[in-house]
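A.B. asks: Assemble chain S onto chain V, guided by the hints.
Chains V and S supply the protein sequences, listed in that same order.
The number in my numbering is simply the position in the first sequence, starting from 1, with 68 added.
The number in my numbering is simply the position in the second sequence, starting from 1, with 398 added.
No lab work stands behind these hints: they were computed from the structure.
Computed from a predicted structure; not experimentally measured.
From the three backbone atoms N, C-alpha and C, an ideal C-beta is built for every residue, glycine too.
Any given hint could be a false lead.
[As the list claims (entries may be wrong)] Selected chain S positions facing chain V (in silico; Cβ < 8 Å): (1) Ala464; (2) Phe466; (3) Asn492; (4) Met493; (5) Phe501; (6) Phe512; (7) Gly513; (8) Gln516; (9) Lys564.
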Amino acid sequence: MKQQYLSKTTWRKWINVQKLSIKIPYAWMLLFLIGPLIALVSISFSEPAYALPPYEAVLKYVEGTYLSLKFHISNYIFIFKDSMYATVFLRSVYIAFLSTAACLIIGFPFAYAIFRAPPFWRNMLILLVVLPFYTSFLVRVYAWSSILSANGPINSMLMSLGFISQPLQLLYNDAAVVLGIMYCYLPFMVMPIFVALQKMDRTMLEAAYDLGCKPLRGFFTITIPLAKKGIIAGSILVLVPAIGEFVIPELLGGSRTVMIGRTIWTEFFANRDWPLAAALAISMFLLVIVPINYVQRANDYNEDEVSNKNQEADHA
Amino acid sequence: MKLAIKKLEPWQNPNEEPYISIENISKNFGNFPAVVDFNLEIYKGEFFSLLGGSGCGKSTLLRMLAGFEQPTSGKIYIDGMDMTNIPPYERPVNMMFQSYALFPHMTVEQNVAFGLKQENMAKSEIKDRVYDLLDLVELKAFAKRKPNQLSGGQRQRTALARSLAKQPKVLLLDEPLAALDKKLRDKTQFELVNIQEEVGVTFIMVTHDQEEAMTMSTRVGVMEQGRIRQVGAPREVYEYPNSRFSAEFIGSINLFDGLVVEEERDHALVRDEENDCTLYISHSASVPLGSQATVAIRPEKVTITKTPPKTDRNFTKGEVEEIAYLGDVSIYHVRLKSGKLVMATVPNLQRGAALPIEWEEEVYLKWNSNSGIILTA
Numbered sequence: 069m070k071q072q073y074l075s076k077t078t079w080r081k082w083i084n085v086q087k088l089s090i091k092i093p094y095a096w097m098l099l100f101l102i103g104p105l106i107a108l109v110s111i112s113f114s115e116p117a118y119a120l121p122p123y124e125a126v127l128k129y130v131e132g133t134y135l136s137l138k139f140h141i142s143n144y145i146f147i148f149k150d151s152m153y154a155t156v157f158l159r160s161v162y163i164a165f166l167s168t169a170a171c172l173i174i175g176f177p178f179a180y181a182i183f184r185a186p187p188f189w190r191n192m193l194i195l196l197v198v199l200p201f202y203t204s205f206l207v208r209v210y211a212w213s214s215i216l217s218a219n220g221p222i223n224s225m226l227m228s229l230g231f232i233s234q235p236l237q238l239l240y241n242d243a244a245v246v247l248g249i250m251y252c253y254l255p256f257m258v259m260p261i262f263v264a265l266q267k268m269d270r271t272m273l274e275a276a277y278d279l280g281c282k283p284l285r286g287f288f289t290i291t292i293p294l295a296k297k298g299i300i301a302g303s304i305l306v307l308v309p310a311i312g313e314f315v316i317p318e319l320l321g322g323s324r325t326v327m328i329g330r331t332i333w334t335e336f337f338a339n340r341d342w343p344l345a346a347a348l349a350i351s352m353f354l355l356v357i358v359p360i361n362y363v364q365r366a367n368d369y370n371e372d373e374v375s376n377k378n379q380e381a382d383h384a
Numbered sequence: 399m400k401l402a403i404k405k406l407e408p409w410q411n412p413n414e415e416p417y418i419s420i421e422n423i424s425k426n427f428g429n430f431p432a433v434v435d436f437n438l439e440i441y442k443g444e445f446f447s448l449l450g451g452s453g454c455g456k457s458t459l460l461r462m463l464a465g466f467e468q469p470t471s472g473k474i475y476i477d478g479m480d481m482t483n484i485p486p487y488e489r490p491v492n493m494m495f496q497s498y499a500l501f502p503h504m505t506v507e508q509n510v511a512f513g514l515k516q517e518n519m520a521k522s523e524i525k526d527r528v529y530d531l532l533d534l535v536e537l538k539a540f541a542k543r544k545p546n547q548l549s550g551g552q553r554q555r556t557a558l559a560r561s562l563a564k565q566p567k568v569l570l571l572d573e574p575l576a577a578l579d580k581k582l583r584d585k586t587q588f589e590l591v592n593i594q595e596e597v598g599v600t601f602i603m604v605t606h607d608q609e610e611a612m613t614m615s616t617r618v619g620v621m622e623q624g625r626i627r628q629v630g631a632p633r634e635v636y637e638y639p640n641s642r643f644s645a646e647f648i649g650s651i652n653l654f655d656g657l658v659v660e661e662e663r664d665h666a667l668v669r670d671e672e673n674d675c676t677l678y679i680s681h682s683a684s685v686p687l688g689s690q691a692t693v694a695i696r697p698e699k700v701t702i703t704k705t706p707p708k709t710d711r712n713f714t715k716g717e718v719e720e721i722a723y724l725g726d727v728s729i730y731h732v733r734l735k736s737g738k739l740v741m742a743t744v745p746n747l748q749r750g751a752a753l754p755i756e757w758e759e760e761v762y763l764k765w766n767s768n769s770g771i772i773l774t775a
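Bound-form chain V, shown alone (with noise of 0.2 Å):
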């Protein structure tokens, strides 16, 4: 009888839909993000071979003896000596900065408005914003590199206009690509401004009006400020993708902004120097997680939320 129990428990174990509604995003992780990435790190610690894949396996089985485990840090030396490396992430860096801030710039505003809107407008205001989403990618990158490009609209506007009487030089330069990157990472800024400001009570202002605070004060200290998680979540958003971005830079850049991005693909697919493109992306991706994270951290201590170990001292 006992047996019976325990396995019919045991059973129920297994099919508990809640716990396995958990469990399937934690496989998806593991299978999709944690697997490549322990894939990715192995072969930053290999050493590149003539073979395919061009790469000699940091632990691998030879014929007939044993297993060899062999890492090598080289990949990551030469990284660190060559300042090239240095030089084209701080590159990165710079450029995705200006676009977090070029999308804040207009993004902030722009969340603002949709806040202020009447709920019609509202969500009018939100479908413009998610629109662009519904065209690929790449069109819309090469939408701007024809916009900009010599004889493109904004060119022969202005020449029409007299303003200018030779094309200007729009494309292939950093103001493009922090341009490109700002139109197609905006909506990451918007989006998680406007939650934030939807989230706050608004008799907030109310209270601030009411002490004496006129409404262009107000907005900047307590709107703004209990908008910082947004702004901190969609310049994350923000940021992050930008610092490895690739298309944009590749379509609207020119030869002088070489990111990061490009610099891996070059290892790669030019170079096919794998454990050296790995370890540029391992190597990447730890200088931007680390301070990232540690922002995030700071903002996710949560300020509205109640403590409850006070309520006693209500009746003490």
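C.D. replies: Only chain S this time, still in chain V's reference frame:
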């Protein structure tokens, strides 16, 4: 000593100037009239409560006093100044919000200092004032905490300190105790009254809780559908309701409908045929003989006995249907022959005593001639 600061009753003094005058205020939200042609005068140092159910317009009125809503018509004067078109940040009025609306990104100290900072006051002065206030609400030890690190009661007191910081002429309180639990609410009621006496600011409170309004206020204004129904001291409103609405809204009440059959200067007689009950009231009905009148009797003024009374008036008969034991008192629900339900409150004076009257018992309900009050509205 308490006698010396016994509540003044400035509204009784014809020479007293009102401090806040609300004159013919109306407010419509679209087609919905939230406040209708509202007039009210409030005097300096009062603790005035606007009492009413949800949607009666009491909060709208408070928001118009604060300046968050513009009246559709009418004027608001505070201390002789027309406030009608003054924005909230320029009014000498502060509000304590129902949700407290504490700024979550600021500490208790910064929250309280917020209003003072808007006036470009010297830093040291701000600090002194903030700590005086935190002392008043006993929150000095919590000055550096953020609102989310406080208990409900502490947050309530932070909100109070913040709204008092600018020494407003009028403090508006929107259901200030609604978010607290019952026990804390009872305690805080007295604290709030003491603080009001200490700072001497005129308080206007909005509440739906009649008990709260009665305990704390100098005067109560009973509101219904955007209009004021009765204004008066709590005792006055309770003992002398001027209408069915305010009688029924504040406390429980038994109502007998009948015809005025005798009308003298010092008494009136109302005959309720339906319940075969004659009511003798020791005040005049001030309505013509033979007109309809309602007699209101509070349940605690009704006595319940098993023996028939020796008079022919001010009593009725029925069967006990329900007994609600509340600890301090028991409420008897007695069903009359006509189907009418009458309530009688009996104090439980002795512990453990068996209930003298049981369910389904035939009982007599009687009251004194000065217990009833004739309502004509």
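A.B. asks: Find the hints from earlier in the document that the structure breaks and name them by number, from lowest to highest.
C.D. replies: none
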